[in-house]
Amino acid sequence: MPQLKGGISGQAHHLPGDSGVWTFIIADMGAFAMFFLVFTAGRMASPDLFEASRQHLDATLGLLNTLILLTSSLFMVKAVEAARAGERGAVQRNLALTILIGLGFAVTKIMEYKAKGAAGIGLTTNEFYTYYFAFTGIHFLHFIIGIGALLMMVAKARRDLLDAKFVTWIESVGCYWHMVDLLWIMLFPLLYLLRAG
Amino acid sequence: MHLRAIHIWAILVTATLLSWFLKGDAVSAKVGATAVILIAAFKINLVVGHFMELKWQPRPFRIVVSVWLALVTTIIIGGYWAA
Amino acid sequence: MSGKVDTRYWRFCAWMGPVFVAIFYYCWGVLGHNFPPFSPDAPASEVAGYFRDHRDGVRLGMVIAMTAAPCYGVWGYALAKVMEHTVGGDNPSGNLMVQLARLGAAWTTITVLVPTSFWLTAAFRPDALPDWMIQMLYDMAWLLIDLAYAVTSVQLFALGVGFMADKRAVPLVPKWLAWYGIWVGFMFIAECLMPYFMNGAFARSGILNFWIEFLIWMAWVPVLTVYALKAITRIEQEHAAA
Chain Z
1143 MPQLKGGISG QAHHLPGDSG VWTFIIADMG AFAMFFLVFT AGRMASPDLF EASRQHLDAT
1203 LGLLNTLILL TSSLFMVKAV EAARAGERGA VQRNLALTIL IGLGFAVTKI MEYKAKGAAG
1263 IGLTTNEFYT YYFAFTGIHF LHFIIGIGAL LMMVAKARRD LLDAKFVTWI ESVGCYWHMV
1323 DLLWIMLFPL LYLLRAG
Chain P
12 MHLRAIHIWA ILVTATLLSW FLKGDAVSAK VGATAVILIA AFKINLVVGH FMELKWQPRP
72 FRIVVSVWLA LVTTIIIGGY WAA
Chain Y
9 MSGKVDTRYW RFCAWMGPVF VAIFYYCWGV LGHNFPPFSP DAPASEVAGY FRDHRDGVRL
69 GMVIAMTAAP CYGVWGYALA KVMEHTVGGD NPSGNLMVQL ARLGAAWTTI TVLVPTSFWL
129 TAAFRPDALP DWMIQMLYDM AWLLIDLAYA VTSVQLFALG VGFMADKRAV PLVPKWLAWY
189 GIWVGFMFIA ECLMPYFMNG AFARSGILNF WIEFLIWMAW VPVLTVYALK AITRIEQEHA
249 AA
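Chains as they are written, first to last, in the working numbering: chain Z, 1143 to 1339; chain P, 12 to 94; chain Y, 9 to 250.
If you're looking for bench data, these hints aren't it; they were derived computationally from the structure.
Among the hints, erroneous ones may be present.
What the hints assert, rightly or not - Result set (EDC-like, lysine to aspartate or glutamate): computed pairs, CA atoms no more than 16 Å apart in a straight line:
(1) Z/Lys-1307 to Y/Glu-92
(2) Y/Lys-175 to Y/Glu-92
(3) P/Lys-41 to Z/Glu-1193
(4) Y/Lys-183 to Z/Asp-1160
(5) Z/Lys-1258 to Z/Asp-1190
(6) Z/Lys-1307 to Z/Asp-1160
(7) Z/Lys-1298 to Z/Glu-1229
(8) Z/Lys-1307 to Z/Glu-1193
(9) P/Lys-41 to Z/Asp-1190
(10) Z/Lys-1258 to Z/Glu-1269
(11) Y/Lys-175 to Z/Asp-1160
(12) Z/Lys-1251 to Z/Asp-1200
(13) Y/Lys-238 to Y/Asp-174
(14) Y/Lys-12 to Y/Glu-246
(15) Y/Lys-175 to Y/Glu-246
(16) Z/Lys-1256 to Z/Asp-1200
(17) P/Lys-66 to Z/Asp-1160
(18) Y/Lys-12 to Y/Asp-174
Make a model of the complete structure from these sequences and hints.
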């Protein structure tokens, strides 16, 4: 394997991360576009049901989720920047913060699911809640995989050379993590804030 | 113009809080609902451009993502108004 | 690398993938009324009526579909053979991926064969069976073929990882296709929702759990085959040049 020097800086014409990862991200975003379409079609068919159900969601937790993911994403950016500068300590510190803050999303999400369960609301309660649980559930699965990928990066940041290969790795994981954030940014207003007029 | 990540984060948080404000009775439901989706689209565009650092060149990924965003926003807002 | 590589049967086996998709689509899908399936909330009499009226068509379709099912496994082995040249079939980790890709393909054959026999059972003596029993066989077959998704995901993930490990400047199978396969394997998880719905997007006949899930998989097979066939030629050239 060729030896690469550390400290890679981002160039202007450069695709961050692995191009294959972008195929995954775009395919995944396509799936969520389909989810949004299905939700919109359902909402058009029964606006009253969707509005009544929406009002039972805890929008404050939704807001908290959004702020958590945005902040976690910020530290992800810093971790990538640190990797390009070859600063191992900063990479590790920022990855740890990305994960720690990100885990807040799991806490609020589980609280939210538990509260829904206690209120007797589940996947099959009505069409709105089917989409609510299915879409946030699939999104949550993306989140868990993201945490797994971040933990793997923590291990890699400890032992690997901070070379171009490492930068590609962390950029790929970073882009995936931002996608988790990005999808939530649209799920939040769609599910929690779209009040009927 | 080069904005640092922390600035982008501050804009994203401000936009989020603005959409929180718009969910109240300050504006009519229709305007509020349309605005929160547009704000989300604006936020996504910032995340794509500044956090993911996806540039318009050399590969078509940014174009694909932008088309995706335009499509998703149109579907949601269009469906909302048609309901 | 030592001289010529024996690729005599590779192409034939690789062609078995598209052959499987074509036969399965027509025999299982069209003749068996599974493309798209009856909605779960369709009355039992409707499903039973179809099996009674189209008994011969369903029987023919299922018999041919069962006969063609191993084609999928044969295809999977051909792909694993190609993958040996991207992941290094000799090294322990590469070999593990190759074996998982084979195993996933072989298991998928079983998960096609078994439910197909349930639909065949429903068409065997439909006049002697009550409506609800035909419906139950139909449901059972669908629950099995959908919820066995994880078996195919093993193949999709192993092939994705294996093709991605390619060190060539131009990989034998492009990265985007490797990642697409991984995405398909991941998307299959939506099938977990299928048993909870009698209608709508997540039902067995719904936009997400039928149309999207089946089409992204059925498209993956011929596309990957095209690249596998090109890859076989490249492997031959590499060995001839060595």
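Against the structure, the hints come out as follows:
1. Proposed proximity of Z/Lys-1307 and Y/Glu-92 is contradicted: the alpha carbons are some 24 Å apart, above 16 Å.
2. Proposed proximity of Y/Lys-175 and Y/Glu-92 is supported: the alpha carbons are some 12 Å apart, at most 16 Å.
3. Between P/Lys-41 and Z/Glu-1193 the CA atoms are separated by roughly 13 Å; this keeps the pair inside 16 Å, and the hint holds.
4. At roughly 9 Å between alpha-carbon atoms, Y/Lys-183 and Z/Asp-1160 fall within 16 Å of each other, so this suggested pair holds.
5. In summary, the hint linking Z/Lys-1258 to Z/Asp-1190 is not supported, as the alpha carbons are separated by about 20 Å, beyond the 16 Å threshold.
6. A distance of roughly 10 Å separates the Cα atoms of Z/Lys-1307 and Z/Asp-1160; the hinted pair therefore holds under the 16 Å criterion.
7. Distance check on the hinted pair: Z/Lys-1298 and Z/Glu-1229 sit about 14 Å apart at the alpha-carbon level, within 16 Å; holds.
8. Between Z/Lys-1307 and Z/Glu-1193 the alpha-carbon distance is near 49 Å, which puts this suggested pair outside the 16 Å criterion.
9. A hinted pair counts as satisfied when its Cα atoms are at most 16 Å apart, and P/Lys-41 with Z/Asp-1190 qualifies at roughly 15 Å.
10. Simply put, Z/Lys-1258 and Z/Glu-1269 have alpha-carbon atoms about 15 Å apart, close enough for the 16 Å limit, and the pair holds.
11. Distance hint between Y/Lys-175 and Z/Asp-1160 is fulfilled; the C-alpha atoms sit about 14 Å from each other, no more than 16 Å.
12. For a cut-off of 16 Å, the pair hint linking Z/Lys-1251 to Z/Asp-1200 stands: about 11 Å separates their Cα positions.
13. Simply put, Y/Lys-238 and Y/Asp-174 have alpha-carbon atoms about 15 Å apart, close enough for the 16 Å limit, and the pair holds.
14. At roughly 9 Å between alpha-carbon atoms, Y/Lys-12 and Y/Glu-246 fall within 16 Å of each other, so this suggested pair holds.
15. Distance hint between Y/Lys-175 and Y/Glu-246 is fulfilled; the C-alpha atoms sit about 14 Å from each other, no more than 16 Å.
16. The hinted pair formed by Z/Lys-1256 and Z/Asp-1200 meets the criterion: a straight-line CA distance of about 12 Å does not exceed 16 Å.
17. Distance restraint check for P/Lys-66 and Z/Asp-1160: the Cα-Cα separation of roughly 14 Å lies within the 16 Å cut-off, and the hinted pair is therefore satisfied.
18. A distance of roughly 21 Å separates the Cα atoms of Y/Lys-12 and Y/Asp-174; the hinted pair therefore is violated under the 16 Å criterion.
Hints 1, 5, 8, 18 from the earlier list are contradicted by this structure; the remaining hints agree with it.
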